[in-house]
Structures are given as C-alpha cells and as structure tokens.
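Undergrad: Those protein sequences? They're chains W, S, D and A, same order as listed. All you need for this note's numbering is the position in the first sequence, starting with 1, plus 8. Each step along the second sequence adds one to the number in this note's numbering, with nothing skipped, and position 59 is 48. Each step along the third sequence adds one to the number in this note's numbering, with nothing skipped, and position 218 is 206. All you need for this note's numbering is the position in the fourth sequence, starting with 1, plus 3.
The hints are simulated quantities; they were obtained by calculation from the structure and are not laboratory data. Hints may contain errors.
What the hints assert, rightly or not - Computed spacing ranges between beta-carbons, pair by pair:
#, chain 1, residue 1, chain 2, residue 2, range
1, D, V14, S, P(-8), 40 to 50 Å
2, W, L141, D, D296, 25 to 35 Å
3, W, A110, D, A9, 44 to 54 Å
4, A, T136, D, D219, 17 to 27 Å
5, D, R36, A, P172, 18 to 28 Å
6, D, Q35, A, T136, 50 to 60 Å
7, W, A110, D, K139, 43 to 53 Å
8, D, H45, A, V72, 49 to 59 Å
Ideal Cβ placement from N, Cα and C applies to all residues, glycine included.
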Amino acid sequence: MEREFFLLFSTVATGSGFLVVLAKNPIHSALALVTCFVQIAALFILLGSPFLAVIQIFVYVGAIMVLFLFVIMMLDVRKEARSRFLTKGAPLGFLVILVLAAEMFFLLTRNAVFSTNIVDGVPTTPSIKELGLTLFSEYLLPFEVASVILLVALIGAVVLAKTEEDDTATKDELAGGVVK
Amino acid sequence: MIPVSWYLILAAILFVTGAAGVLLRRNVLIVLMSLELMLNSVNINLLAFGHHFQDLRGQIIAIFVIAITAAEVAVALGILVALLRNKHSLEVEDLAILKG
Amino acid sequence: MGMSYGMENFIAILPLLVKMAVVVFVLLLLPLPLTWIERKIAAHIQQRPGPMRVGWHGLLQPLADAIKLLTKEDHIPTDADRLLFRMAPVVALVPPFVVFVAIPFGEPVRLFGVDITLSMSNMNVGLLFILAVSGIGVFGVILAGWASNSKYAVLGSLRSIAQMISYEIPMGFSVIGVVMLANSMNLSDIVAAQSGVWNIVYQPIGFFVFFVAGLAEAQRIPFDLPEAEGDLGAGYHTEYSGIRFSLFALSEYLVVVILAILNVLLFFGGWQHSPFFLTPSLWFLLKIGFFIWVFMWFRFTFPRYRYDQLMTIGWKVLLPLSLLNILVSGIFMF
Amino acid sequence: MARSSTHKRSWIGWVFFTDLWGGLRLTLRYMFSKTITHHYPDFEKWVPYPRHRGHHFIKTNDEGDVNCVACELCSKICPCDCITVIPFEDAKGNRRPEVFDIDLARCLYCGLCEDACPADAIKLGQEYEVSSTRSENLVVHLEDLIAAPRKSDNGGQVMAAKLVKDEAPKSVTTGTSDGFDWWERISRKE
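The following block holds chain W by itself, in its conformation from the complex:
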C-alpha cells in the first residue's frame, strides 16, 4: 500500500516538476509547482512527519505560492508568454545539467549503502512534543537567528515595495509584501 502511494505521489511530483520548467506561461508553472508541493507534503506524511507536511502546505502552498501568484497577476505576463524561452547561454547550461544528472546517477547507483533499508523494525514517528522540545532547547540559537532573518526580510520587503510617492498601489503591495 505504502509503496503504491509513494509511486503515485512521486510520479505526479516529477511530472509537475517538469511542467514548472517547461510551461511557457508563469501562471501555469506556478500552479504546477503548487501541485508538486502538495505531493511532496504527502511524501512527508509517508516519511512519518505529519507536522512538516502541514507546515509545507501552510507555508509553501498557502503563503509562498499565493505570493508568487499575486505578483504574477499584478505584472503583465501575457507578453512574457510570447517571449524567447531559453537564455543565450543555454548550450552551456545544458552541459552543466547533463554533468549534474550524470554525477547524481553515478553516486546513487554505485553507493550500496542507501539501496537497502538498514533499520530493523518499523521506525517510530517522533511526536510534535519531542520536536518542539528539541527545537527550543538544542536549536534555540538557530531558531532565534531564523526569526531575526524573517523579521529583516519582512522589513526589507516592505522597504523595497514602497514607492517614494504614496500612490494607491502601495497598499496592495504592502499587503502582499509583509507576509512571511
């Protein structure tokens, strides 16, 4: 059962991942990315971390992608959809991608350690309580640093999106820019 679910989720995730890169219209590729993120959240449940799955949906799907779509809708992308697809340096890029893919393929197939499941017994799902305790004790400093970074990003986004003259568009951008 689990195996079938994994195959289903990973197939859809891979397909929509390709669509992100291949779609001409940014809206389409954003929606493909949303699909991909939802599949990845489902995979997180298979990996025994429901909390991360919900956070994934909350932050990535509910906030980041909505923000993306908001910006895309504010800009005029109809003419973008007709513009040139690839960059000038595309051949070099293709080469790099090929090397990267080959390298990963090589590492994954030649390394025998990960091809078998070495944990015996069913792995237990760590509770949210454990997760929270570890986060707030052992990783307190990184946590605080992350929150400061979020604050800085918030202020930065507001400053960037703010225009000199107070036009009406600022309010919308502010509303979009403040989130996360």
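Place chains S, D and A on chain W using the hints.
TA: Frame of chain W, contents of chains S, D and A only:
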C-alpha cells in the same frame, strides 16, 4: 517499507529539474520558482535521512529551510517588484545592469 | 497519522469508507437547506415572506434552483484560459471537503459491537491541518479570476488574495491561546480540555479575533470585498454560469459551515455540557446551527467595509490584538 | 428613513461596538415581526388608483353601441403603432369600427390614444395582469375591449383575492370587504 534510495532518486530528479529551470529559463519568475523546487528536493532528502536514521535533526533542519525560504521569497519578490518599476522586463539578461 | 499503515483488510477500513460516504453525501446536500434558510432570514429581516411558492413555504425552492443551474448554458469567455477556467471551481471545492477529514463530531460511539470514532482521522496536528488546508481555498479564487480574462474577475481575485493572506495570520495567532490551554493541536483534546469551562471565558479576545478573521476568510459581509457587487460585478466568478457557478456557491457555503464548526469546537465547548434531553452530537450540531444563523444575521445587517478599512482592521487591530492575547495567556499560564 | 445621528460617541461605546449591537438588535426585531409585503397573487391584490394606466377599454353609450366613431386618430397618434382600426357604416348610418385591435405586446401605456379620442371612447383602465405565454393572445379585439374592466372606484387599496389558474392565470378579488390601505402596515409608531 520504502528503501531510502527511492526518496534520494526522487529528490535528485527534482533537483536536476530545478537546476535546469534556473540555468536555462529566461523568465525571472520561473527561475525563482525553480529555486523553490530545488530547496524542496533538499527537504525531501533531509526528511528521508532523518526517517532512515531515526534522527529528529532532519525535521528540524527542514523547518529552518522552510523558514529561510519564506524570507528569501519575500525579499526576492520585493526586489522583483522594485526592479519592474524601473525596468519593464522580466527577463534575466535584461537585468544584468551591474555587468556594465 | 496511520494513513497507510496496516490497513490490509477491507473490514478495517469499512467504517472509514462509510464515514467518508456519509460526509460527502451530507456536504453535497447541505447547501440546499442552507440557501433556503439564508433566503428566509434575508426575507424576514427585510419584512417580506421570501420564497413561498415551490413547496410548503418554498421548501423545494433550492431544488428548483439546483435544477435551473444544472440545465443552464455553460458559457466560457472567448479569450479565457479554458483548462484553468474549467479547473477553478473544482479546485475551489476540494479544500472544504478535505478539511472535514480532521473534524470530530463527538465522542467515540459503540455501534454493532465496534467502537467508531466520529471523525475520519483523529490527527494530532488537526487544528494546524484545518488552517493550512483552508488556506489553500484561495487557489480556486485565483484560478477563476485569472482564467476568466476579465477585469472584474482579476480585480476580485486580487482583492481576495490580499484579504485571505492578511487575515490568515491573525486567525492562526488567535487559536494559539486555545492550543496553549489544551496543550494539544488535536481537536478532540481541545474539546476535552473544555470539560470544565468553555474557552470563551478564558479567551474572549481570541474568540473575537478568530470570529472576525473567520468572517473575512469566508468573505462574508461585512468583509465581502472580493465579490462586492457594487463595484466589481460578482468578483472572481463574474464570468461563471450554470453548474460551475453553483460549485463556487457550494464551496462558499461549506466554508461558512466549517467556520461555525471551528468556532464551536475551539471556543464553545464542542459537544461538552449537553443538556439532558440532547445527545452530545446533537448539542454540537445545534450550536453549529446557531453560528450559521449568526453569520446570516450579520450578512443582512451590516454594510460592507471599504478596502483600506479592511486592511487596517486586519493589520492594525486584529494582529496586535491576537499577539496581545498570546502574551496575556502566556503570562497567566506561567 | 435614515435618521442622521451625529452626536459624538465616547470611546467606551466604540470599543464595545454599541452601534453594531444597535444594528443587530434592529434586524433581530424585524426578523420576528410580521411581514409587510402584499401576499399577491394568492391572498391579496392591489387595486390601482383611478389615474393608473392599464389595459384599455372602450366605453359604450346608453343604446349599447360603442362610443368610438372609428376616426383612427388613436391609431395615428400611437407612438408604437399598435392600434388597428377599420371603419364601417352600421344600420343606423353611424361610422363605427368594424375591427379595433390593440397589440398589447407593443403598447407602452402612454395614454396618448385617450387624449386624442374625440368621442370619449377609448380609456386606459385598472387591469394590469395581461401576461401570456403566447404573443397572439396579447392582441385584443373590440369585444375584449368592451368587456375589459373600467377605471377603479376603490383604488389605492389592498383587497382579499385568490389566484385563478386557467390558461391565463389571474388574481381575482374576492369577498365584499373594502380592503385596507397598505401604507398603514408600514407606518411606524414612534
């Protein structure tokens, strides 16, 4: 049980897809989205290893990744909106003004 | 989250399948009585009788409306993004249904010698799950607005996005006090924690913020800016007709029901303290009905806020209030 | 209707939403009060004022002949060209209409025919239920016009009525009671 290598292969495929988007596409928005895809594939890896080795740290680092990504996207989109106000273009090559 | 662990035999998942079927059936039929009730309330507030002609006091009117909507022409604008236009109503409908996976309707009951929990999944991140999934609901609105290729629709969905993003934050913060009191994000635990006193007593500010933010999330009056008929036609579903339009209406009604359920579960004790003549689940449903009635009462009483007022209320009133609520509850619990 | 209250509220009222509660109290009272609308067409019917311009009728004189002299002035003045008149000479040697058709689907009930008529024949009466599912039924002839209801003598009242369902459904006033003035229902006792 699903062998951890399956997750690694999936993550690798998504990572390469994302990298292709970053390197090949001209549209800034799609480049940003491909970046998100790469970060997510890394998250899959983190959680897969955390699950595999029964270690909480995988989840915790994934939480940090998600938090920092949120910050990154907010700033990136802010920069994008500010840029578009000055230069009406969404293409990567038109935005290379620092190159002189 | 035993989603796929050890569910080999069919008997084990039979109760789950039955529960799913019941919930889907009820949810699909729920808007019929709700539209009738809403129209009757609207009518009586305006001192008129409302629908009277189809059936006894117009009881069959929603059925007639449904038949009308199903048989109407399904029109797609010329320059619309046809795939997304068709997808949007379905995308809007999915999150409200998914939310019901995590909602409990009472204590476990014994039926045919089997213990049956009155929820589909008693997940330990239930509250977070509900907030996250209802946050996805905005995608249907975005798709509809974008795919219609109409100015009204795009403006409506832009407003929608800004509003939903703004109010999700105070809404999420306002329930933190409740989670602190119950020491859990599991909805059954939250209800169990209110066996003494309802949370409304300890969390009046939290309830206020949640209620107002919920009205905004469901885009009900006085926060129905995204579909303000005065300035936007019908907002994001301006271009929709027939069956697709009715799917949007269905999802809007379900969001209202979810909000009522969440208000009762989080702040009004769920199925606790039922009076002697009611079973706990019926008592729970009664309270949900009361909240739905309150939402409808509000709708026909208040005028709409202006857009800048909406943003001011969200960011300058509700957000500080919810943060203050967290601070105060934290101090008291400490 | 709207009483403009400009008196200044204290901040305590603002914090506890006194004005919102006031609105809610008002609508709650309305929710459980009697409805004030006409229960038309099932139980009540509005009888229009005599000045109302509805379905046309043609007056007859004491001998039973129509007043109309078929001068066709109404047909000429009609802005939407909905009246057809064909004259003939009857046994007494008077000029009378052989055909007098009005297409109610085209008529805009402006009353110009009434003004133009030199013989005090055509008038616009009280009848307003002229709907039909077939447009042919909307062309009324001379005999229909003679039989049509006159101007109302008890206008401006709500009468008890019941719906008669046949080919052309109509609400027919019943009973002998005088009816009542509708405005009484919404008069506010303050």
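Undergrad: If any of the earlier hints don't hold here, list their numbers in rising order.
TA: Checked against the structure, the hints that fail are numbers 2, 4 and 6, while the rest are satisfied.
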